[in-house]
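Protein chains: 2
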Amino acid sequence: MTAERLARMRQVLDRRQPDLTVIMAGVHKEHNVSAVMRTCDAVGVPEVHAMGVHGHLAVKRTAAAGVGRRVPLRHCSDIEQGVADLKAAGYRILGAHLDPQARDFRQEDYCRSVAIMLGREKEGLDPEARAVCDGFIAIPMLGLTESLNVSVAAAVILYEAQRQREQAGLYDSPRLDEATYQRLLFEWMQP
Amino acid sequence: MTAERLARMRQVLDRRQPDLTVIMAGVHKEHNVSAVMRTCDAVGVPEVHAMGVHGHLAVKRTAAAGVGRRVPLRHCSDIEQGVADLKAAGYRILGAHLDPQARDFRQEDYCRSVAIMLGREKEGLDPEARAVCDGFIAIPMLGLTESLNVSVAAAVILYEAQRQREQAGLYDSPRLDEATYQRLLFEWMQP
Ligand SMILES: C[S@@+](CC[C@H](N)C(=O)[O-])C[C@H]1O[C@@H](n2cnc3c(N)ncnc32)[C@H](O)[C@@H]1O
Ligand SMILES: C[S@@+](CC[C@H](N)C(=O)[O-])C[C@H]1O[C@@H](n2cnc3c(N)ncnc32)[C@H](O)[C@@H]1O
Numbered sequence: 152m153t154a155e156r157l158a159r160m161r162q163v164l165d166r167r168q169p170d171l172t173v174i175m176a177g178v179h180k181e182h183n184v185s186a187v188m189r190t191c192d193a194v195g196v197p198e199v200h201a202m203g204v205h206g207h208l209a210v211k212r213t214a215a216a217g218v219g220r221r222v223p224l225r226h227c228s229d230i231e232q233g234v235a236d237l238k239a240a241g242y243r244i245l246g247a248h249l250d251p252q253a254r255d256f257r258q259e260d261y262c263r264s265v266a267i268m269l270g271r272e273k274e275g276l277d278p279e280a281r282a283v284c285d286g287f288i289a290i291p292m293l294g295l296t297e298s299l300n301v302s303v304a305a306a307v308i309l310y311e312a313q314r315q316r317e318q319a320g321l322y323d324s325p326r327l328d329e330a331t332y333q334r335l336l337f338e339w340m341q342p
Numbered sequence: 152m153t154a155e156r157l158a159r160m161r162q163v164l165d166r167r168q169p170d171l172t173v174i175m176a177g178v179h180k181e182h183n184v185s186a187v188m189r190t191c192d193a194v195g196v197p198e199v200h201a202m203g204v205h206g207h208l209a210v211k212r213t214a215a216a217g218v219g220r221r222v223p224l225r226h227c228s229d230i231e232q233g234v235a236d237l238k239a240a241g242y243r244i245l246g247a248h249l250d251p252q253a254r255d256f257r258q259e260d261y262c263r264s265v266a267i268m269l270g271r272e273k274e275g276l277d278p279e280a281r282a283v284c285d286g287f288i289a290i291p292m293l294g295l296t297e298s299l300n301v302s303v304a305a306a307v308i309l310y311e312a313q314r315q316r317e318q319a320g321l322y323d324s325p326r327l328d329e330a331t332y333q334r335l336l337f338e339w340m341q342p
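Chains as they are written, first to last, in our numbering: chain Z, 152 to 342; chain X, 152 to 342.
Derived by calculation from the structure, the hints in this document are not laboratory data.
There may be inaccurate statements among the hints.
Simulated pairs of lysine-lysine, DSSO-like, Cα-Cα distance not exceeding 27 Å [unchecked claim]:
#1 273/X / 180/X
#2 180/Z / 273/X
#3 180/Z / 273/Z
#4 180/Z / 180/X
#5 180/X / 273/Z
The whole structure should be built from the sequences, with the hints applied where relevant.
Structure, rendered in structure tokens:
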């Protein structure tokens with residue numbers, strides 16, 4: 152561990168956003184899971200949730216190898232329980248879902264505590280997952296294709312959140328609580 | 152072909168952007184090619200270019216099956232020739248590339264004629280590809296990960312272009328020339 156590497160880790164931790172997270176509700180292809188997690192790391196999401204619906208368990212543990220060291224992946228086989236915990240912690244749950252009632256994703260305020268929920272590759276968000284959302288957001292589709300790849304949709308939304316948070320100064324000073332900061336630093340320092 | 156389907160195709164063609172395109176310079180994983188092309192369709196890019204560098208030929212033809220019907224993929228084994236043709240047609244070539252000299256992608260003006268060039272999954276943009284770019288754009292990375300997945304990077308940039316073009320009213324009235332409009336409509340109508 153060089154001094155330079157440690158300084159780099161601190162710089163990254165100083166920009167982590169404790170009130171921004173992602174829920175993968177049954178996303179299962181490894182390349183998608185890995186792409187979502189790289190994007191989460193890049194915009195400062197400190198940890199990601201993989202939640203299962205009716206026994207479709209979350210993601211394979213191997214899928215998060217590598218980037219999972221930088222962005223811990225929390226597994227929860229029961230989406231109702233997992234979401235209840237996040238709501239109790241103050242998160243608003245926004246389902247990324249092409250629904251006629253969804254709002255244009257750019258109209259949402261991502262500076263609040265927010266968890267973005269992503270659906271399965273083929274089926275999208277299951278009814279059980281939709282039922283626990285506080286609202287839906289959609290990315291406009293101007294072509295013949297019906298949906299975007301899930302990691303693509305996640306990134307378009309997360310970089311809108313990054314843009315809003317940057318404007319609001321939320322990357323300007325450290326925001327993680329001290330215990331989380333030290334825990335993550337300790338985990339990252341392991342060889 | 153129902154009347155409804157035909158109306159849908161016309162609506163999509165009315166929003167196609169003749170002065171926005173993407174060059175995949177050696178992108179080769181099928182899931183990435185397909186994700187890039189779905190996003191292109193979704194923001195109104197009428198056709199995409201796959202260009203090779205030193206015999207790394209462009210993408211496998213099968214990769215574009217499906218979405219390739221909606222967004223034709225033009226293959227060109229010689230990137231210098233391919234880019235020269237685009238420049239002659241008035242396109243500015245912007246390399247998506249994490250270079251210290253790159254501009255933040257949000258500072259670029261995507262309402263001009265622009266071709267966004269994407270690099271290979273592992274190696275990024277080869278020197279030959281970089282040499283023909285007019286400028287470089289980078290998406291900010293606030294974490295420990297060094298780069299985004301290529302289809303993710305493409306989407307973040309293309310949806311910024313879509314945002315700017317929407318604001319500028321470029322989706323409000325048809326912009327394809329009549330010959331291209333009719334050619335695409337004819338191709339889409341094939342069973
Ligand atoms: C490939 S899509 C699933 C498509 C599925 N047929 C549906 O209708 O929901 C996988 C996930 O990506 C996200 N997604 C894809 N395109 C989206 C868009 N335009 N707006 C919001 N979310 C999108 C959603 O979370 C979706 O559940
Ligand atoms: C996985 S990256 C290649 C990484 C390679 N090691 C490099 O340094 O270029 C594949 C392609 O995605 C695009 N890309 C990925 N992250 C990007 C970012 N933050 N800004 C701009 N383009 C990016 C670039 O076109 C890049 O060539």
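Hint-by-hint comparison with the structure:
1. 273/X / 180/X: holds, 11 Å
2. 180/Z / 273/X: holds, 19 Å
3. 180/Z / 273/Z: holds, 11 Å
4. 180/Z / 180/X: Holds, because 14 Å separates the two Cα atoms, which is no more than 27 Å.
5. 180/X / 273/Z: holds, 19 Å
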